[in-house]
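Chemist: Listed here are the chains, written in short residue letters.
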Amino acid sequence: MATLVFIFEIETGLMNSALKKANLGKNQRPFYANTSPAALKEALRKMHLVRMFEEMAEDSYIRGLTHGTMHLSIGQEASAVGITMGLRKTDYITSTHRGHGHCIGKGAEAKYMFAEFFGKEEGYCKGRGGSMHIADPETGNLGANGIVGGGLPLATGAALAIKQQKRDDVAVCFFGDGASNEGAFHESLNLAAVWKLPVVYVCENNGYGMSVSTDRSMSVPNVADRASSYNMPGVIVDGNNIADVAEAMVVATERARRGEGPTLIECKTYRTRGHSRSDRNKYRTKEEIEEWKARDPIPLFEKELLDMGIFKQADIDAVQASVKAEIEDGFNFARSGTDPVPEDVTRDVYAREIA
Amino acid sequence: MAVEVILPKVDMDMATGIISKWHVKNGDTVKKGQVLFEMETDKSAIEIDAPAGGIINNIEAQSGAATPIGAIVAMIYAAGEAVLETKAVAPVVEAAQVLKSGVLEKIATIVQSSSSGTRATPLARRLARHKKLDLSAVMGSGPRGRITAQDVEGYKSVAAVVAAPAPDASATMAMYQAGSYDVKPLDGMRRTIAQRLTLSKQTVPHFYLSAKCDLTQLILVRERINMTAPLDETKKPKWKLSINDYVIKALALALQRVPAANVTYTDEGILQHRSSDVGVAVSVEGGLFTPILRNAENKSLSQLSIEMKDLASRARTRKLQPPEYTGGTTAVSNLGMYGIEQFTAIINPPQATILAVGTGIEQFVPVNKQPVLKTLMECTLSCDHRAVDGAVGAELLRAFKAFIEEPALMLA
Amino acid sequence: MRELSFAQALHEALDIAMEADERVFIMGEDIGVYGGAFGVTGDLVHKFGEDRVMDTPIAELGTAGAAVGAAVAGSRPILEFQFSDFSGLAMEQIVNQAAKMRYMLGGKVNVPVVFRMPCGSGTGAAAQHSQSLEAWFAHVPGLKVIEPSTPADAKGMLLAAIEDPDPVLIFEHKLLYKIKGDVPEGHYLTPIGKAHVAREGRDVTVVAAAIMVHKALEAAEILQAEGIEVEVVDLRSIRPIDTATIIASVKKTTRLACIYEGVKTLGIGAEISALVAESEAFDYLDAPILRLGGAESPIPYSPILEKAAVPQVDGIVEALRNLVKGRI
Chain A
1 MATLVFIFEI ETGLMNSALK KANLGKNQRP FYANTSPAAL KEALRKMHLV
51 RMFEEMAEDS YIRGLTHGTM HLSIGQEASA VGITMGLRKT DYITSTHRGH
101 GHCIGKGAEA KYMFAEFFGK EEGYCKGRGG SMHIADPETG NLGANGIVGG
151 GLPLATGAAL AIKQQKRDDV AVCFFGDGAS NEGAFHESLN LAAVWKLPVV
201 YVCENNGYGM SVSTDRSMSV PNVADRASSY NMPGVIVDGN NIADVAEAMV
251 VATERARRGE GPTLIECKTY RTRGHSRSDR NKYRTKEEIE EWKARDPIPL
301 FEKELLDMGI FKQADIDAVQ ASVKAEIEDG FNFARSGTDP VPEDVTRDVY
351 AREIA
Chain B
1 MAVEVILPKV DMDMATGIIS KWHVKNGDTV KKGQVLFEME TDKSAIEIDA
51 PAGGIINNIE AQSGAATPIG AIVAMIYAAG EAVLETKAVA PVVEAAQVLK
101 SGVLEKIATI VQSSSSGTRA TPLARRLARH KKLDLSAVMG SGPRGRITAQ
151 DVEGYKSVAA VVAAPAPDAS ATMAMYQAGS YDVKPLDGMR RTIAQRLTLS
201 KQTVPHFYLS AKCDLTQLIL VRERINMTAP LDETKKPKWK LSINDYVIKA
251 LALALQRVPA ANVTYTDEGI LQHRSSDVGV AVSVEGGLFT PILRNAENKS
301 LSQLSIEMKD LASRARTRKL QPPEYTGGTT AVSNLGMYGI EQFTAIINPP
351 QATILAVGTG IEQFVPVNKQ PVLKTLMECT LSCDHRAVDG AVGAELLRAF
401 KAFIEEPALM LA
Chain C
1 MRELSFAQAL HEALDIAMEA DERVFIMGED IGVYGGAFGV TGDLVHKFGE
51 DRVMDTPIAE LGTAGAAVGA AVAGSRPILE FQFSDFSGLA MEQIVNQAAK
101 MRYMLGGKVN VPVVFRMPCG SGTGAAAQHS QSLEAWFAHV PGLKVIEPST
151 PADAKGMLLA AIEDPDPVLI FEHKLLYKIK GDVPEGHYLT PIGKAHVARE
201 GRDVTVVAAA IMVHKALEAA EILQAEGIEV EVVDLRSIRP IDTATIIASV
251 KKTTRLACIY EGVKTLGIGA EISALVAESE AFDYLDAPIL RLGGAESPIP
301 YSPILEKAAV PQVDGIVEAL RNLVKGRI
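Protein chains in written order, with this note's numbering: chain A, 1 to 355; chain B, 1 to 412; chain C, 1 to 328.
Calculated from the structure, these hints are not laboratory results.
Using N, Cα and C, we set each Cβ at its ideal position, and we do this for glycine too.
Check each hint, because a few of them may be wrong.
As the list claims (entries may be wrong) - Among the chain B residues that face chain C by a calculated CB cut under 8 Å, a handful are:
{"id": "1", "residue": "T121"}
{"id": "2", "residue": "P143"}
{"id": "3", "residue": "A149"}
To be verified - Distance condition first, Cα-Cα at most 30 Å in a straight line; then the derived DSSO-like pairs of lysine-lysine:
{"id": "4", "chain 1": "C", "residue 1": "K264", "chain 2": "C", "residue 2": "K325"}
{"id": "5", "chain 1": "C", "residue 1": "K251", "chain 2": "B", "residue 2": "K131"}
{"id": "6", "chain 1": "C", "residue 1": "K251", "chain 2": "B", "residue 2": "K132"}
{"id": "7", "chain 1": "A", "residue 1": "K111", "chain 2": "A", "residue 2": "K312"}
{"id": "8", "chain 1": "A", "residue 1": "K196", "chain 2": "C", "residue 2": "K108"}
{"id": "9", "chain 1": "C", "residue 1": "K325", "chain 2": "B", "residue 2": "K131"}
{"id": "10", "chain 1": "C", "residue 1": "K325", "chain 2": "B", "residue 2": "K132"}
{"id": "11", "chain 1": "A", "residue 1": "K166", "chain 2": "C", "residue 2": "K251"}
{"id": "12", "chain 1": "B", "residue 1": "K184", "chain 2": "C", "residue 2": "K325"}
{"id": "13", "chain 1": "B", "residue 1": "K319", "chain 2": "B", "residue 2": "K184"}
{"id": "14", "chain 1": "A", "residue 1": "K120", "chain 2": "C", "residue 2": "K108"}
{"id": "15", "chain 1": "B", "residue 1": "K238", "chain 2": "B", "residue 2": "K401"}
{"id": "16", "chain 1": "C", "residue 1": "K108", "chain 2": "B", "residue 2": "K132"}
{"id": "17", "chain 1": "A", "residue 1": "K303", "chain 2": "A", "residue 2": "K324"}
{"id": "18", "chain 1": "A", "residue 1": "K89", "chain 2": "A", "residue 2": "K41"}
{"id": "19", "chain 1": "C", "residue 1": "K47", "chain 2": "A", "residue 2": "K166"}
{"id": "20", "chain 1": "C", "residue 1": "K108", "chain 2": "A", "residue 2": "K111"}
{"id": "21", "chain 1": "B", "residue 1": "K240", "chain 2": "B", "residue 2": "K299"}
{"id": "22", "chain 1": "B", "residue 1": "K201", "chain 2": "C", "residue 2": "K325"}
Claimed, not checked - Pair ranges (Cβ atoms, derived):
{"id": "23", "chain 1": "C", "residue 1": "S297", "chain 2": "A", "residue 2": "S278", "range": "40 to 48 Å"}
{"id": "24", "chain 1": "B", "residue 1": "R191", "chain 2": "C", "residue 2": "G315", "range": "36 to 44 Å"}
{"id": "25", "chain 1": "A", "residue 1": "T346", "chain 2": "B", "residue 2": "G64", "range": "38 to 46 Å"}
{"id": "26", "chain 1": "B", "residue 1": "Y181", "chain 2": "A", "residue 2": "T346", "range": "31 to 39 Å"}
Hey, can you work out the whole structure from these sequences and the hints?
Modeler: Have a look at this one:
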């Protein structure tokens with residue numbers, strides 16, 4: 001993998017691994033060598049945006065401002081952003097119940113996400129979806145899913161459509177370690193392999209399916225080990241290291257776009273918050289949580305950017321300040337949003353109603 | 001007894017009327033025939049007179065409101081009579097709404113609510129509402145007596161009802177385990193009883209009035225008179241008057257005092273009878289007969305007693321001729337000998353009333369604040385409201401009570 | 001007009017749709033060179049190729065989800081379940097995903113997928129290959145459930161389903177595949193959500209779907225000789241249901257019988273009965289509402305029992321006679 005050459009051009013969403021080969025610097029891994037500073041800054045901004053969005057969401061929940069629970073991905077931002085940062089708008093993702101990061105990664109704006117969170121008509125789902133289903137189909141996000149494993153066949157189908165329509169887009173499927181025990185995982189990977197579909201399966205293995213750890217629920221140590229059953233590459237990366245994640249994703253995406261079929265990427269990561277807001281963390285130790293907090297993906301990324309001299313502290317501070325402002329604006333936008341009216345409860349069930 | 005003021009039907013096809021103006025208000029004293037209110041119909045306005053004199057109350061139907069025909073819009077009370085709390089007054093709706101479809105049906109539904117216990121299909125109920133027909137008068141041909149649309153359509157008259165098929169017997173039998181019962185065929189008398197009493201209950205609007213009569217005087221008088229009875233060849237008294245003989249005589253005389261109760265209702269008009277022809281229910285093996293004591297008001301107690309004995313014995317041997325139990329203006333049903341204290345009887349058409357007589361019971365009654373032991377007999381008069389209104393029935397019962405309590409009056 | 005079988009009519013609809021719109025493709029088990037378990041896809045693979053007439057692995061959940069995903073991503077997939085019974089494996093994708101995606105996403109996506117659902121008893125296939133599960137799916141807002149009874153409607157309704165922007169399940173009773181009927185040439189649509197009065201009558205309304213329409217029509221013929229005139233409403237669409245046609249018919253005939261092959265309890269008949277009872281037709285009912293549905297059992301194998309498990313013509317005749325004559 002280290003021999004591969006990378007270039008990310010976020011602005012156009014296009015990727016060409018041959019174009020800037022000459023820019024590969026000494027001792028620099030491909031991710032830093034081939035990603036423009038602007039794209040790196042955007043990646044950092046999105047990681048902060050995910051983090052602060054969730055912290056604000058959590059705060060709103062605690063203060064009783066929101067309805068329903070939420071599943072926070074704090075600690076998993078490198079995976080969400082690393083996977084999505086190189087995607088085009090026309091590429092698809094399917095997301096999970098822990099999907100705020102995927103949604104922002106694929107291009108959603110915080111204010112409309114907050115509006116959804118508060119059940120407002122301005123929300124991405126007009127208040128019909130809520131935290132668990134926030135998604136923006138405009139940016140190729142086919143939806144977060146409340147069903148574990150629900151998105152696997154959907155992404156497979158989206159990839160099938162891409163192939164049917166002779167496009168060179170990809171479908172990316174986020175799912176968790178728990179979903180890899182579902183039949184849908186196995187059926188989907190088999191179909192994608194048999195039909196050589198342009199799909200990348202991204203398992204964010206955070207170690208627990210709610211409270212049950214992977215060593216109690218899986219027959220193999222790694223989700224990626226399961227790829228061999230379906231004759232596709234199975235890649236394990238450090239899910240808290242955005243460079244690791246992004247580099248693997250480039251390989252998988254290029255393979256998919258070339259029509260060579262699917263890849264399974266396993267991002268080893270950790271959620272530092274509970275499964276949902278009602279989780280009391282009885283199934284894991286404080287020490288374990290602290291250990292992973294010390295490997296927080298955002299400071300890790302910032303340190304590398306500083307160490308390599310790509311950014312100065314002031315640049316990072318500016319990113320954080322701008323995200324903070326965006327979150328506050330978004331929050332206020334959402335709070336003053338429009339409540340749905342009860343008469344509209346059956347609106348949008350069907351595209352074509354029949355009188 | 002209070003008299004109802006109803007909203008009358010004045011046009012063939014009207015279902016509701018609009019009271020445009022009341023000329024009286026609650027508490028006013030009205031004279032019979034006085035204009036109470038003006039009513040609008042499709043064709044013209046009409047003034048409605050008071051059906052009786054007294055004090056008007058319970059005026060509920062508002063001016064400008066549409067009210068279903070037949071609805072009670074006020075009550076006229078005698079002086080000192082308590083105003084009824086339960087308002088027997090039909091709901092009203094705004095006039096403007098009447099023309100909108102559905103309102104009439106709603107009104108009819110409320111009017112019809114008395115028949116809610118009747119088993120009928122929704123369509124039958126709807127048709128009955130449109131026809132302003134009381135479903136309880138319709139015989140159901142369906143399972144368990146369910147009334148269908150056809151039954152309602154086929155309903156024409158009392159005669160038609162009687163001729164209507166009875167509820168499917170096989171359906172009734174199916175409700176009991178086979179072999180758990182025997183079927184006794186209906187004889188003519190049983191069929192007649194079933195038809196006549198069903199007809200009566202379904203077509204005659206009954207109401208009931210009760211009064212307790214003090215028998216103290218009557219018991220004394222009866223004892224003395226019975227002691228004076230002449231003896232026959234075998235040295236037995238020629239007659240022995242029963243309490244029931246006095247009841248017959250008292251009722252016959254009371255009807256002469258209150259002729260408005262000595263009537264029969266027909267669609268052509270009220271038959272005002274001259275004589276008091278009193279039927280007496282006689283229980284016989286497998287049923288009952290009600291032979292008639294004609295001109296009872298003119299017969300002496302002993303005559304009545306002898307005649308009654310003869311009719312009763314011939315009834316038990318089924319030797320009565322039809323003219324002996326046809327007609328009559330009232331009847332007496334006495335279950336006192338069974339210890340029954342009070343009951344209500346079904347009117348035997350074409351009679352307009354029937355008196356249900358209970359047993360005499362010794363009771364302490366306060367007299368001048370002291371308990372005095374008296375024998376009280378409770379009597380309940382069933383009246384056909386088509387012909388006998390509440391006040392008339394009450395008058396009749398009051399007159400009867402007076403004769404029973406002071407038997408000497410029967411001699412007057 | 002030429003005659004086609006029900007299966008041929010469906011085949012023609014698929015052919016026309018695929019010819020007209022290259023986004024349309026079919027997937028399913030053994031639908032390629034095998035031609036489909038009931039021969040509906042037939043030779044389509046030779047005309048349109050394996051990319052558009054796709055044999056799938058035996059993976060109902062995965063393929064159902066793939067069809068939904070493809071629909072969301074701009075294709076027009078048609079998934080054939082070999083037997084609708086197998087949809088139990090795919091319930092998650094049909095009920096939790098296809099039905100809800102549009103709503104959950106605030107109306108921003110459409111899910112134009114068609115599930116073909118061969119259903120029904122009468123073939124000796126026993127409990128796991130003979131069910132009529134349309135009421136299950138009709139209980140789910142977001143799905144449309146249709147059930148044609150004639151070859152002409154089969155073609156028109158399948159074309160309507162393919163062109164519909166929402167997920168549609170078309171239940172095809174297996175005993176209907178071979179029946180023949182006039183089928184118009186070319187492209188036409190039979191609207192989803194509209195029932196059809198298959199026979200007019202004044203004495204009783206029978207609301208039936210699929211094979212039961214044919215049984216009801218047979219019963220109506222027999223009863224006509226007795227002077228009883230049966231009106232048969234071919235439901236055609238279970239969700240949305242055509243309340244107006246049902247209500248109008250019941251108001252006319254004053255009696256209602258619901259005849260359906262699915263299990264009687266909590267089935268289509270319950271819904272039809274309830275909607276009539278709730279409607280203005282209630283006041284026109286002159287008899288109790290009658291339901292004839294499948295037995296409270298799985299579909300048995302023995303031909304005697306299999307017949308006993310679903311309404312048959314004799315039973316329909318007797319029940320309707322009793323209803324009209326006021327015996328129930």
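Chemist: Determine for every hint whether it applies to the structure shown.
Modeler: Each hint tested on the structure:
1. T121: Status holds, d = 5 Å.
2. P143: OK, holds: P143(B) within 8 Å of chain C, min 7 Å.
3. A149: At about 4 Å, which falls below the 8 Å cut-off, the nearest Cβ of chain C leaves the hint on A149(B) intact, so it holds.
4. K264(C) with K325(C): Distance ~23 Å between K264(C) and K325(C) Cα, so the pair holds.
5. K251(C) with K131(B): Distance ~19 Å between K251(C) and K131(B) Cα, so the pair holds.
6. K251(C) with K132(B): Measuring from Cα to Cα gives roughly 21 Å; hence the hint holds.
7. K111(A) with K312(A): 29 Å, holds
8. K196(A) with K108(C): Since the Cα atoms of K196(A) and K108(C) sit roughly 29 Å apart, the hinted pair holds (cutoff 30 Å).
9. K325(C) with K131(B): 24 Å, holds
10. K325(C) with K132(B): Distance ~26 Å between K325(C) and K132(B) Cα, so the pair holds.
11. K166(A) with K251(C): 55 Å, violated
12. K184(B) with K325(C): Distance ~28 Å between K184(B) and K325(C) Cα, so the pair holds.
13. K319(B) with K184(B): 23 Å, holds
14. K120(A) with K108(C): 15 Å, holds
15. K238(B) with K401(B): Distance of about 28 Å is within 30 Å: holds.
16. K108(C) with K132(B): Since the Cα atoms of K108(C) and K132(B) sit roughly 56 Å apart, the hinted pair is violated (cutoff 30 Å).
17. K303(A) with K324(A): 20 Å, holds
18. K89(A) with K41(A): Since the Cα atoms of K89(A) and K41(A) sit roughly 19 Å apart, the hinted pair holds (cutoff 30 Å).
19. K47(C) with K166(A): Given that 30 Å is the threshold and the Cα spacing comes to 19 Å, the pair holds.
20. K108(C) with K111(A): At roughly 18 Å apart (the allowed maximum being 30 Å), K111(A) and K108(C) satisfy the hint.
21. K240(B) with K299(B): Holds, at about 16 Å.
22. K201(B) with K325(C): It holds: about 28 Å lies between the C-alpha atoms, which stays within 30 Å.
23. S297(C) with S278(A): 40 to 48 Å: Since the Cβ atoms of S297(C) and S278(A) sit about 43 Å apart, the hinted range of 40 to 48 Å holds.
24. R191(B) with G315(C): 36 to 44 Å: 39 Å, holds
25. T346(A) with G64(B): 38 to 46 Å: 41 Å, holds
26. Y181(B) with T346(A): 31 to 39 Å: 57 Å, violated
Of the numbered hints given earlier, the model fails hints 11, 16, 26; all others are met.
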